[in-house]
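Taking the hints into account, I'd like the entire structure generated from these sequences.
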Amino acid sequence: MIYFSQVLNKKVLTEDGIEVGKLDDLVFLSKEAPIVTKLLIKTKNKKRLVSIDFLVKITKEIFIKKNYEETSLADNELYILRNLLDKQIIDITGNKVVRVNDVVLQKEKNQWYVLGVDVGVLGILRRLGLSELGEKVMGILKIRLSSQFLSWAEIQPLELSRGEVRLKKEEKKLKKLRPEDLADYLEETGLSNIQKIIPLLNKNMAAKVIADLNINYQIGLFQRMTPKKAVSILELIDSDEVVDILFFLSKKRREAILSLLSKEKQKEVKYLLSVHKSGEIGDYLSLEYLLVSSSKTVLEVKNLIKKETTDFYFLPYIYVVNEKKQLIGVFSLHELLLQEDTTFVYKFMNQNLITIYLTTPVDIALRKMIKYKLSALPVIDKEKKFLGILTFDDLSEKLYERIFK
Amino acid sequence: MIYQKSFMKGFLNKFKWRFLIFLSVLGPGIITAVADNDAGGLATYTVAASLYGMASRFLIPIETMILLVTQEIGARIALVTRKGLGDLIRERYGVKISFLIFVLYFITNQGVVIQNVTGLKAAFELFGLNWRFFLITTCLLLIVFVIFFDYKKIQRIFLLIVFFYISYIISAFLSKPNWLEAVKESFVWPTKINIFDLTFWFSRIAVLGTTITAWGQFFVHSYIIDKRLEVRHLKYERLEVYLGAFIINFFSWMMAVAVTYTIFIHNIKVDDGFKAALAIKPLAGEAAFLFFALGLFAASILGLTIVPLATAYVFSEILGFEGSLNASFTKGKISYGFFVLQILIGLIVALFPNTSLFKLTLYVDFLNGAMLPIIFYFLVKFSEDEEIMGKYTNSGFSRLLVRGLVVVISLLVILTFFGKILGLA
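Just so you know, the protein sequences line up as chains F and C, in that order.
Using my numbering, you'd call the opening residue of the first sequence number 1 and step up by one each time.
Using my numbering, you'd call the opening residue of the second sequence number 1 and step up by one each time.
It is worth saying that the hints were derived from the structure and are not from the lab.
Among the hints, a few may not be true.
To give an idea of the chain C side of the interface with chain F (calculated C-beta under 7 Å), a few residues [claimed, not checked]: (1) 81; (2) 82; (3) 91; (4) 94; (5) 95; (6) 99; (7) 230; (8) 232; (9) 235; (10) 320.
Over the 12 Å line for every Cβ pair with chain F, so calculated as not near, a few chain C residues [claimed, not checked]: (11) 98; (12) 196; (13) 205.
For each residue, glycine too, the CB sits at the ideal point set by N, CA and C.
Encoded structure:
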């Protein structure tokens, strides 16, 4: 086992002792077993990438075969110095972002591997050449310094925009993280990094992560995607979120994306875009609701829920409408479960409705939710026609901003 | 008519909205700029104004511009990368270089902290208070307050202290200045002194050197990240940085007025803020004296909180520890530790009765001067790197302007130091 910091900048010689240059970086394959594949050697005039097959041995100096040849970077290869050392990574088991203080390499069966990274204080002291002194001082203070080692399986590099790397395969490790957390970590890095990480996720995860990113990053990402690619991701995101994103794109781009969306999604999005202009409520309007008629039985409603709401995020209430789509009643899931399967909806639905309009100020809507302890309010128009719902969930972000920012 | 009304309403709403966003970004630019006029800065301004009157603020628009340009780059890099300057140096230049910079930075800031503790001591003495008791209490209170209050409360207090700087304006008015002459001397051409006097120019550059500080460059950066601002705030944050640069030069101009029309016109020589305040008393009355002392108090408190905080931020950025004002004490104890350490060292030094502020200022200015070219080098490098900045890189004219300014400031700062060694200022 050796530390990368110990080999960095070592002299590189050929077998017969002719100086080639200094070791500038190592390249490894970013996969389950991260094999070191190439050496980047800084010679007098340029940097040369040499395959590790030409490596003879690492002692005080690094020796390579004299008939070495230059090669180029392949897909899924990362640099240690440019993408890992001193950079921020995700500690997947600890679920946080940490900084790499050193990289640990190991030789096994004639191959070099990236074993993992050191994120502890000792790593820094070692690189400053102060590890012994540090241990002595801390020994007097009775504090034990230890290396904090994370194995390759536990980490995910975040800094991928340097060194022209191309990652193509899906990164299974990232599945262990919640999309919300990953979005937070990504926001700590720049847009160019996010662009490199998103393709490493499967489509579903990518959609969730993008939905959780802050609007500035969302816009940045979709401005750079082809409409086709954008659509494949947008299809998986909630319509109200899609509208927020589309709203900030250029008209031409918006139209191109809209025309490629599935018919159903297109309808929802166009509708939401049209209410977007009529008041602040429009910005938060959600189309994740279930409408039933008052003549349905409890069992029928239950079956409807099973059939229609599989992709719902949240279903607090079920709304009752007449043939003209006018709102006439509401009941909660709890109320539904308390009824016998044969009971008709009109027998137990609440007719005393708390509603809002698109023009209602958000403050008032919020006050109504709190006063009547409702987690969602139905939005209707002047003819009492049902338009959509406003959920506390969607407002909570606004609320948070008001309290803490 | 109706159309017009709704148009007006729309316009006003838009304006209101923009103003609200502006208020929400308020903080980093103004606080950093104002804190640049800390106790040490005040001493330099006072001495310069007592020697050269309003000519000490000659070319003040250029000074404002230099501060504005340098702070703007820092703010922009912070907004785009969401990383501190410390983070970036560590990532691009490795442990050794960043550690070396931190050591230099720590020492420089420690000097500045000592200046500010001494300034605070002087303020208490001017108020006729038991300075030992008040100095120790204030320092301890500051520590408790930064550790246990969250970011939002701390920022409110910072902004409140900025208001105390208004006392310099009152103090300037009380000195019954000749405003027209003051404007002519500083904005047009100085007539009261010999402009070809080399020592005048050394003093003038020293004043510039106290306005642009090493810690200020790091602090504006870290503070923006702690405030969680984003690239969409760039327009507003820029405005805030500009406003900060303007405000601070306005305050320093007023400070110079207060000194010029009391001490300078009576030909009295002073060598620090304490003696200046004492000299003002018989010339402009008790009130002017008190307001001047109040200004010194505010400047010292602000410097004393922000500079050690700037140290703690950079420490945590370079070594990768938790270093946010929102962090609890247990979570951020290492970086809070640096904050406490710097104040305590400052306090101990100031408790020795014969600490010479004069010599200290000399060394601090030298270190600051030595650090500035290095920091500017990084700032220019990062701001021109497309990999880091994307479409927000410096380019074309602004690139030339920034490079030019950086070279000029670096040369000037080094020049002042030699001037000081040779006893020219």
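Evaluation of the provided hints:
Among the interface hints, the one on residue 81 of chain C holds; its C-beta lies about 6 Å from the nearest C-beta in chain F, closer than the 7 Å criterion. With 7 Å as the threshold, the beta carbon of residue 82 of chain C comes within range of chain F, its nearest partner Cβ sitting at about 6 Å, so the hint holds. About 5 Å separates the beta-carbon of residue 91 of chain C from the nearest beta-carbon of chain F, less than 7 Å, and the hint is met. The closest approach between the C-beta of residue 94 of chain C and any C-beta of chain F is roughly 6 Å, which is under the 7 Å cut-off, so the hint is satisfied.
Given hint, residue 95 of chain C at the interface with chain F, holds; its Cβ is 4 Å from that chain's nearest Cβ, closer than 7 Å. Of the supplied interface hints, the one on residue 99 of chain C holds, with its beta-carbon coming within about 6 Å of a beta-carbon of chain F, less than 7 Å. The restraint placing residue 230 of chain C at the interface with chain F holds, with a minimum CB-CB distance near 6 Å, inside the 7 Å limit. Look at residue 232 of chain C: its Cβ gets to within about 5 Å of chain F, closer than 7 Å, so that hint holds up.
Contact between residue 235 of chain C and chain F, as hinted, is not supported at the beta carbon level, the nearest pair being about 13 Å apart and thus beyond 7 Å. Satisfaction of the interface hint for residue 320 of chain C is found here, the shortest Cβ-Cβ separation to chain F being roughly 3 Å, below the 7 Å cut-off. Separation of residue 98 of chain C from chain F is inadequate, the least Cβ-Cβ distance of about 8 Å not exceeding the 12 Å criterion. Remark: the non-interface label on residue 196 of chain C is consistent with the geometry, its nearest Cβ contact in chain F lying 50 Å away (cut-off 12 Å).
With a minimum CB-CB distance of about 36 Å to chain F, residue 205 of chain C clears the 12 Å threshold, and the non-interface call stands.
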